[in-house]
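Q: Every letter in the sequence shown is one number past the one before it in our numbering, and letter 93, counting from 1, is 93.
Read the hints as simulated data drawn from the structure, not as lab findings.
Small disclaimer: the values here were computed from a predicted structure and weren't measured.
Treat the hints with care, as some may be off.
Derived lysine-lysine pairs resembling BS3-like cross-links, with alpha carbons at most 25 Å apart [stated by the list, open to error]:
hint: 1; residue 1: LYS99; residue 2: LYS113
hint: 2; residue 1: LYS26; residue 2: LYS115
hint: 3; residue 1: LYS15; residue 2: LYS113
hint: 4; residue 1: LYS113; residue 2: LYS29
hint: 5; residue 1: LYS115; residue 2: LYS29
hint: 6; residue 1: LYS40; residue 2: LYS115
hint: 7; residue 1: LYS19; residue 2: LYS65
hint: 8; residue 1: LYS99; residue 2: LYS31
hint: 9; residue 1: LYS115; residue 2: LYS15
hint: 10; residue 1: LYS29; residue 2: LYS40
hint: 11; residue 1: LYS29; residue 2: LYS7
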Amino acid sequence: IAGVTRKLTNDESYKVMSKLYYPEIKELKDKHYVELFWNKVYYFWVFFEHTVIAFITVLLISLAKLTNLFSVTGSLNNLWLWVISLIAFNFLIFIASVKPRTESQVRQIPDDKIKEFFNNNNIF
């Protein structure tokens, strides 16, 4: 839309997200659409948080087993398999739900606002 074909720098990405995307999404007239977006994306965040907690827990148990800090018997392979499965599941949810809905929100931002923002911020 804005004619930028290169990858944005971290500063440019931050500026686009904080000064263009988030403010424009807040201004969407169709609040029902925004509620539907968060209704679908909510599941990703629930599983993502569970994945982070599971990863930290399995990591701590593994460290305790390696250092003999606590008595941990048995294999931890199934726990690590569970964490890997959660990561894969989160990836699938992200690709199937979060990414398309975010792109749909971006399409609701008027093209002229996007072009104006990129021109005013010298992002070419």
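Q: Each hint: holds or not?
A: Comparing the hints with the structure gives:
Of the supplied pair hints, the one linking LYS99 and LYS113 holds, its CA atoms being roughly 22 Å apart against a limit of 25 Å. At roughly 19 Å between alpha-carbon atoms, LYS26 and LYS115 fall within 25 Å of each other, so this suggested pair holds. Restraint check for LYS15 and LYS113: the C-alpha separation of about 14 Å stays at or below 25 Å, so the hint holds. The straight-line distance between the Cα atoms of LYS113 and LYS29 is roughly 16 Å, inside the 25 Å bound, and the hint therefore holds.
Between LYS115 and LYS29 the alpha-carbon distance is near 21 Å, which keeps this suggested pair within the 25 Å criterion. Between the alpha carbons of LYS40 and LYS115 the distance comes to roughly 29 Å, so the proposed pair goes past 25 Å and is violated. Between LYS19 and LYS65 the alpha-carbon distance is near 47 Å, which puts this suggested pair outside the 25 Å criterion. Between LYS99 and LYS31 the alpha-carbon distance is near 19 Å, which keeps this suggested pair within the 25 Å criterion.
This hinted pair checks out: LYS115 and LYS15 have alpha carbons roughly 14 Å apart, not beyond 25 Å. Distance hint between LYS29 and LYS40 is fulfilled; the C-alpha atoms sit about 19 Å from each other, no more than 25 Å. Proposed proximity of LYS29 and LYS7 is contradicted: the alpha carbons are some 30 Å apart, above 25 Å.
Comparing the model with each numbered hint stated earlier shows that hints 6, 7 and 11 do not hold.
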